[in-house]
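J.: Note that the protein sequences, when read in sequence, are chains R and V.
As numbered in full-length UniProt numbering, residues 1 to 369 make up the first sequence, in order.
As numbered in full-length UniProt numbering, residues 1 to 369 make up the second sequence, in order.
Accuracy of the hints is not assured; some may be wrong.
To be verified - Straight-line alpha carbon distances no greater than 25 Å define the calculated PhoX-like cross-link-like pairs of lysine-lysine that follow:
#, chain 1, residue 1, chain 2, residue 2
1, R, K295, V, K13
2, V, K325, V, K128
3, R, K295, R, K280
4, V, K238, R, K242
5, R, K242, V, K289
6, V, K13, R, K325
7, V, K325, R, K234
8, V, K289, R, K238
9, R, K280, V, K242
10, R, K280, V, K238
11, R, K289, V, K242
12, R, K242, V, K45
13, V, K13, V, K45
It should be emphasised that the hints constitute simulated quantities derived from the structure, not laboratory data.
Bear in mind that the values here come from a model prediction, so they are computed numbers and not experimental data.
There are 2 protein chains.
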Amino acid sequence: MGSNQSIGIVEPKTAVLGDLRLDNGSILSPTVVAYETYGTLSPNKDNAILICHALSGDAHAAGFHSESEKRPGWWDEYIGPGKAFDTNQYFVISSNVIGGCKGSSGPMSINPVSGKPYGSSFPFVSIKDMVAAQKLLVESFGIQRLLCVAGGSMGGMQALQWSISYPDVLENCIILASSAEHSAMQIAFNEVGRQAILSDPNWNNGLYEDSATPRKGLALARMMGHITYLSDHKMREKFGRKPPIGNLLNSDFAVGSYLIYQGESFVDRFDANSYIYVTKALDHFSLGKGQELTKALSPAQCRFLVVSYSSDWLYPPSQSREIVKSLEASDKRVFYVELTTNEGHDSFLLPNQRQEDVIRGFLNMPVNE
Amino acid sequence: MGSNQSIGIVEPKTAVLGDLRLDNGSILSPTVVAYETYGTLSPNKDNAILICHALSGDAHAAGFHSESEKRPGWWDEYIGPGKAFDTNQYFVISSNVIGGCKGSSGPMSINPVSGKPYGSSFPFVSIKDMVAAQKLLVESFGIQRLLCVAGGSMGGMQALQWSISYPDVLENCIILASSAEHSAMQIAFNEVGRQAILSDPNWNNGLYEDSATPRKGLALARMMGHITYLSDHKMREKFGRKPPIGNLLNSDFAVGSYLIYQGESFVDRFDANSYIYVTKALDHFSLGKGQELTKALSPAQCRFLVVSYSSDWLYPPSQSREIVKSLEASDKRVFYVELTTNEGHDSFLLPNQRQEDVIRGFLNMPVNE
Numbered sequence: 001m002g003s004n005q006s007i008g009i010v011e012p013k014t015a016v017l018g019d020l021r022l023d024n025g026s027i028l029s030p031t032v033v034a035y036e037t038y039g040t041l042s043p044n045k046d047n048a049i050l051i052c053h054a055l056s057g058d059a060h061a062a063g064f065h066s067e068s069e070k071r072p073g074w075w076d077e078y079i080g081p082g083k084a085f086d087t088n089q090y091f092v093i094s095s096n097v098i099g100g101c102k103g104s105s106g107p108m109s110i111n112p113v114s115g116k117p118y119g120s121s122f123p124f125v126s127i128k129d130m131v132a133a134q135k136l137l138v139e140s141f142g143i144q145r146l147l148c149v150a151g152g153s154m155g156g157m158q159a160l161q162w163s164i165s166y167p168d169v170l171e172n173c174i175i176l177a178s179s180a181e182h183s184a185m186q187i188a189f190n191e192v193g194r195q196a197i198l199s200d201p202n203w204n205n206g207l208y209e210d211s212a213t214p215r216k217g218l219a220l221a222r223m224m225g226h227i228t229y230l231s232d233h234k235m236r237e238k239f240g241r242k243p244p245i246g247n248l249l250n251s252d253f254a255v256g257s258y259l260i261y262q263g264e265s266f267v268d269r270f271d272a273n274s275y276i277y278v279t280k281a282l283d284h285f286s287l288g289k290g291q292e293l294t295k296a297l298s299p300a301q302c303r304f305l306v307v308s309y310s311s312d313w314l315y316p317p318s319q320s321r322e323i324v325k326s327l328e329a330s331d332k333r334v335f336y337v338e339l340t341t342n343e344g345h346d347s348f349l350l351p352n353q354r355q356e357d358v359i360r361g362f363l364n365m366p367v368n369e
Numbered sequence: 001m002g003s004n005q006s007i008g009i010v011e012p013k014t015a016v017l018g019d020l021r022l023d024n025g026s027i028l029s030p031t032v033v034a035y036e037t038y039g040t041l042s043p044n045k046d047n048a049i050l051i052c053h054a055l056s057g058d059a060h061a062a063g064f065h066s067e068s069e070k071r072p073g074w075w076d077e078y079i080g081p082g083k084a085f086d087t088n089q090y091f092v093i094s095s096n097v098i099g100g101c102k103g104s105s106g107p108m109s110i111n112p113v114s115g116k117p118y119g120s121s122f123p124f125v126s127i128k129d130m131v132a133a134q135k136l137l138v139e140s141f142g143i144q145r146l147l148c149v150a151g152g153s154m155g156g157m158q159a160l161q162w163s164i165s166y167p168d169v170l171e172n173c174i175i176l177a178s179s180a181e182h183s184a185m186q187i188a189f190n191e192v193g194r195q196a197i198l199s200d201p202n203w204n205n206g207l208y209e210d211s212a213t214p215r216k217g218l219a220l221a222r223m224m225g226h227i228t229y230l231s232d233h234k235m236r237e238k239f240g241r242k243p244p245i246g247n248l249l250n251s252d253f254a255v256g257s258y259l260i261y262q263g264e265s266f267v268d269r270f271d272a273n274s275y276i277y278v279t280k281a282l283d284h285f286s287l288g289k290g291q292e293l294t295k296a297l298s299p300a301q302c303r304f305l306v307v308s309y310s311s312d313w314l315y316p317p318s319q320s321r322e323i324v325k326s327l328e329a330s331d332k333r334v335f336y337v338e339l340t341t342n343e344g345h346d347s348f349l350l351p352n353q354r355q356e357d358v359i360r361g362f363l364n365m366p367v368n369e
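Only chain R is shown next, with the shape it has when bound in the complex (with noise of 0.2 Å):
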């Protein structure tokens, strides 16, 4: 990679801005919204990029906490001085989605109105949603503009949803590993996963108590949700046949023990409310395909660049291409690559050379080409 360089401590962030009047007619109030930034915002306020998350993803994308962090934001390969995102120019924003259970706004927050968490009250949340959350934030710091909109999977529903949202606010769209709408598989995956929150006798209609949460179901929704990030090369790779290390888990294989504590960490983490929230976002994002696909991105102004992975079966490279197409039918700029990788759709979560350099190319790329 391009530098090893981390952008060190970085200090997690609320912004508790306006009301909200979401897609569904609901109105949020306050709209909390958890971030953290990255570099300097110039004085004219030209140099900020906003960085969208995945499913599970949070705020922290870059950097530390504190000194004793083991591991950095979820994207650090990327961003940072001399990286990708080059933190020396820009200002990065990273903020977590609202519906989610990471600070922002979400089932877990407290309902003014019974002093209890929401859970599964809490409003359907869509990715217009998220976004519309997103702008209020970039709005709270006077950016007028966005040098660029980033994300993977969902974080590229969201840039592309921006795109078209707020078109006179966007400059770069960068969308990876993405897709215009889930196909029947997608959506069956994530329906398998809410249907195991749903069977754990904790679920309560989703208001369940701190003390009792429905961990097993949201367990399995992880172990499944997991297989379907990797590719069958780097699980033939990583695990083989290979029984289990120690005789703890129970599982055969080591694939096996792997899963289980994916599952056993994730809850954790993680909200089963959220998880049931963040996917129906997923699942009902639909700008539609061809031509419909067409007309619904053709208020965007911006450029693009659209990135999928050879491996990536989940969200394969033809839901990729399909919207490359579309924007080419109406005459966008866009530019298109296809990496070929081994790590399935986890792959634009990791250090790739080639990723580095397409992404810095493209913003470093008069804006005109």
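Since the structure of chain R is already known, use the hints to place chain V on it.
T.: Same frame as chain R, but now just chain V:
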């Protein structure tokens, strides 16, 4: 298809056979095997074909149990008068695997010691053990040589195991949509299914009562499995992003309500313990790969037909080619066909003129070709 004629009414039968020493050293006594036969055994007993079923299959491969049965056996398209496995020519035997729950010895059998169902105290059963029980059944007819053993998916593993367990019994072996061993990803999907059952509060270490079975866990396992049996293409075609029919089931999408229905109906016809036993048999089946596989297959004397399906991402064509490569490496007689289909792993179960022609052609070919 060549013929739409069904074999008609067939009678489910049960054979109580001798003791069987299982792979793990336990003795199964008695060995009970549920089976059906179609066609007539020739006087010199040289026209018998054994059909092996997949994970959730049973002995009912063709015909109807009664006039009122709505759907015929699972491979009725291929077994019957004038069909690929032509019951005018062949005596077709189809049996239920041991470890299953469709009449053969398995976790639902009564343990003669306790007078109660074995449940999870039933011994571990391997693919080799399933085949050994089938051998006892075949012997009970006085059959010395089988014209063919054929099966898809887990049935293909059984057919492959037959070729090396009893090389002097087999003339032909047909292996469809199968593998010489599960990859990490195949194990992973089964593992999540097992974990779903183990997470069900009714699981009780496999010692559940009829009145409270781990239905929810088993339904989840089936829902997830079902996704892997289909293809992205087939799901787009069948469901796309359509809303559910009616509003009875807890999903926003047709594909979700379909999977919920599949899960619900599966628990009425399958046992959770058997699901665990049979998926473990699948995951533990391992003839190796490359030279190891070549060595494992070296005892085989029969002729092979190996068929894979272009849209099968669960048992991808590469796994079939691995078998073919190893058979060729030790100069076995092997024919390989990759059929172009859209239906995913389930392809081998569905009507396909080309598959019918390939099977028929293989069976009709003079033995030395």
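J.: It remains to establish, for every hint, whether it holds in the given structure.
T.: Each hint tested on the structure:
no. : hint               : in the structure
1   : K295(R) to K13(V)  : 62 Å, violated
2   : K325(V) to K128(V) : 22 Å, holds
3   : K295(R) to K280(R) : 24 Å, holds
4   : K238(V) to K242(R) : 37 Å, violated
5   : K242(R) to K289(V) : 14 Å, holds
6   : K13(V) to K325(R)  : 59 Å, violated
7   : K325(V) to K234(R) : 23 Å, holds
8   : K289(V) to K238(R) : 17 Å, holds
9   : K280(R) to K242(V) : 14 Å, holds
10  : K280(R) to K238(V) : 21 Å, holds
11  : K289(R) to K242(V) : 14 Å, holds
12  : K242(R) to K45(V)  : 44 Å, violated
13  : K13(V) to K45(V)   : 20 Å, holds
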